[in-house]
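Undergrad: As a plain string of letters, each chain reads:
There are 2 protein chains.
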Amino acid sequence: MSFGGIEAGGTRWNCAVGGDGPQPERVETFPTTTPAETIGRAVEFFAAVPDLEALGLGLFGPVDVRRDSARWGTITTTPKPGWRDVDVVGPLAEALGVPIALDTDVNAAAIGEWRHGAAQGLDTFVYVTVGTGIGGGAFANGRPVHGLLHPEIGHMLIPHDRVRDPFDGCCPYHGDCLEGLASGTAMRERWGRPAEEIDDSAAWDLEAEHLAHGLANLVLTLSAERIVLGGGVGRSPGLVERVRARLPETLAGYVDVPQLSTEVDTYLVPPALGEHSGVIGALDLARTAC
Amino acid sequence: MSFGGIEAGGTRWNCAVGGDGPQPERVETFPTTTPAETIGRAVEFFAAVPDLEALGLGLFGPVDVRRDSARWGTITTTPKPGWRDVDVVGPLAEALGVPIALDTDVNAAAIGEWRHGAAQGLDTFVYVTVGTGIGGGAFANGRPVHGLLHPEIGHMLIPHDRVRDPFDGCCPYHGDCLEGLASGTAMRERWGRPAEEIDDSAAWDLEAEHLAHGLANLVLTLSAERIVLGGGVGRSPGLVERVRARLPETLAGYVDVPQLSTEVDTYLVPPALGEHSGVIGALDLARTAC
Chain A
457 MSFGGIEAGG TRWNCAVGGD GPQPERVETF PTTTPAETIG RAVEFFAAVP
507 DLEALGLGLF GPVDVRRDSA RWGTITTTPK PGWRDVDVVG PLAEALGVPI
557 ALDTDVNAAA IGEWRHGAAQ GLDTFVYVTV GTGIGGGAFA NGRPVHGLLH
607 PEIGHMLIPH DRVRDPFDGC CPYHGDCLEG LASGTAMRER WGRPAEEIDD
657 SAAWDLEAEH LAHGLANLVL TLSAERIVLG GGVGRSPGLV ERVRARLPET
707 LAGYVDVPQL STEVDTYLVP PALGEHSGVI GALDLARTAC
Chain B
457 MSFGGIEAGG TRWNCAVGGD GPQPERVETF PTTTPAETIG RAVEFFAAVP
507 DLEALGLGLF GPVDVRRDSA RWGTITTTPK PGWRDVDVVG PLAEALGVPI
557 ALDTDVNAAA IGEWRHGAAQ GLDTFVYVTV GTGIGGGAFA NGRPVHGLLH
607 PEIGHMLIPH DRVRDPFDGC CPYHGDCLEG LASGTAMRER WGRPAEEIDD
657 SAAWDLEAEH LAHGLANLVL TLSAERIVLG GGVGRSPGLV ERVRARLPET
707 LAGYVDVPQL STEVDTYLVP PALGEHSGVI GALDLARTAC
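Protein sequence lines correspond, in order, to chains A and B.
Residues 457 to 746, numbered by the numbering used here, are exactly what the first sequence covers, in order.
Residues 457 to 746, numbered by the numbering used here, are exactly what the second sequence covers, in order.
The following block holds chain A by itself, in its conformation from the complex (with noise of 0.2 Å):
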C-alpha cells in the first residue's frame, strides 16, 4: 500500500511515494512554473504509482481548505503569477482517481515535525518558513489551525524604523509587512543579491530584528510553546542564533517563563527532518485520507 504526498510550494513541488514508515521512499522535485505543467507534472509522478492508496497535499497559499466550501482546493489571493483562482485538487483528484486530504503547505510541514520531528507532543506551537516568501503552520490545543481560512503569519504587520532601514518592502499587498521586509525576496531586493551570497553581518542582523518582532507576535498571539524555523533563508547559517539572542530581548522580559530567557536554545529551533517536513507532513496528511 502506497501513500503519495505533496509539499505544493510556491517555488518549487516535491513530490513524495511512502508506505508505512515516516520517510518517503522515492522523492521528485520540480520547479513551479504554470498551474498546468505543474500539476501535469504531479500527475504523470502519481500516475505511475501502481497501489496509490491516497494523496496528502500541502499547497501554498492563500488557499482554500474549508472542506465545506464551493472553493474547497482552490488557491486565491496569491501574488504569484499565473495562479490565481486556481483549483488545485480538482485535476488532481480527476486525473488520479484518489482521496486526497489538504492542508497548507506550512502546515504539512508543522504536522511533519509534530508527528516525528521538533514539536513531538506539543499542544500549541509554530512552523515558520522563511524562504522566497514567510508562511506559518500553527497548532494549537493539539490541531492544525484553520479557523477563518488559515493563518497568512507572513503577512504580520511590524515596526520598521524607516531609518534603520529604509527599504520600502516588497509585499504587493502590505509593502513592508513580514514578508515585505525580511523574506528572501525582500533581502535580494535590498542588497541587490540573493540571501545565499551575503556574509555582511549587519544585513543578517537586521534580517533577525526584523524576524524577532514577527516571533515575537507569534509568542504574544498564538502563545506558542516552540517555534521552529525553516526555509531556505531561515536555515542560513548562524541565523537562528541571532534571532535567539534577539527574541528576548524584543519581549523585553514581559513573558516571564524559561523559554524565552535561559532555555532559548530550545524554544526556537531548526527543523528537526531539515528541508523533508512539508513532504513527510504531506505522507501523514495522506494516512488520513482513507
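Hint data in this document are derived by calculation from the structure and do not stem from the laboratory.
Yeah, the Cβ is synthetic: ideal placement off N, Cα and C, and Gly gets one too.
Don't take every hint at face value.
[Stated by the list, open to error] Chain B stretches covered by chain A per the calculated footprint, using a threshold of three residues with CB under 8 Å from any CB of chain A:
#1 498-506
#2 601-607
#3 665-678
#4 708-715
[Unchecked claim] Label pairs and their calculated CB-CB ranges:
#5 E652/A with D655/B: 51 to 61 Å
#6 S717/B with A549/A: 27 to 37 Å
#7 A549/A with S657/B: 45 to 55 Å
#8 F486/A with G694/B: 47 to 57 Å
#9 E719/A with G631/B: 21 to 31 Å
#10 D721/B with G598/A: 25 to 35 Å
#11 A492/B with G477/A: 31 to 41 Å
#12 D712/B with E697/A: 30 to 40 Å
#13 E697/A with E550/B: 40 to 50 Å
#14 C746/A with D712/B: 26 to 36 Å
#15 Q479/B with E719/A: 43 to 53 Å
Using the hints provided, position chain B relative to the given structure of chain A.
TA: Using the frame of chain A, we list chain B on its own:
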C-alpha cells in the same frame, strides 16, 4: 447549589454568585487596590454565601495558569504596582475551602461570549478588551488557548508612524506596542484627558488605525473567525464602526473572505454580554471546578 465567579481585572474586581442559569444572581464590584485589601473583599463577599460549591477565577495577568506549576495562580510580570509575584489563588482557596478553576480574566470573558454571547459555536475567535490596558482571550480548535502561558495580545508589536503619531507609547516594557499606543492609558497620556472625554474625530480615527493594525495581526496569526471588541474604551460609541472601516483596508484584500469585506459588520462585533462577559464566564469556569 451556588457558584462563585470573579472577574479579577487590573482596574476592578467583579464578584458574582450564580446558580444553574448563566446570569449572575448578585454582583459586587470594587476597585483593584492592594492585593491584601482586594483579595480580602472577595473573601468577605463569598464567605457570606452559605452553599458555595466552587469558585471560577478570571485573573488579570500575566498569570501562571499552568495547573502543574508551583506558581499556579500567581501573577507574574504585571506592571501594576504591588501585584508582581502575588499568589491570588492560595489565599482564596485557604479562606473559602472550595475548588477553584482559574483562567485569565480575558479568557473568562471569551468563555462567557462563547457559551452565551457573540461567539457561540465558534471554533477559533478572539475576545479583545480595550480599557486601562489591552488584553485578549482566544479560542482555537474549540477551546481556550493557553500554550506557553497565555496570549498577551495587548503587547503585540505593530507599525508606528511617528510622523502621524509622535506619542512614544506608554507601555513600561515595550513603549509603543499595541497597548502602549491604543489603551485607555495611552489615550489619556496622548490627549491629556480620559477617553470618555475625547470627542475629537481625529483622535478616534488614530485609535481605530492602531486597533486595526492589532486586529489584522489576529486575523493573520490566530485566523480568528470573529473578533469581539469589548472593554471600557472598546465599547466607546462609534469605535467599532471606525475599526470595521479600517480593518479590510489594513489587510488590503489579502485574506479574501466575505467576513473581511462585505460581512465585516458581523465579523467585528461588540460583546453580546456587554460588561458582563467576564463575570458570566467566571461562573462558567466555576461549574467546571467541581
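Undergrad: Quick check: which numbered hints come out false for this structure?
TA: Violated: hints 1, 11.
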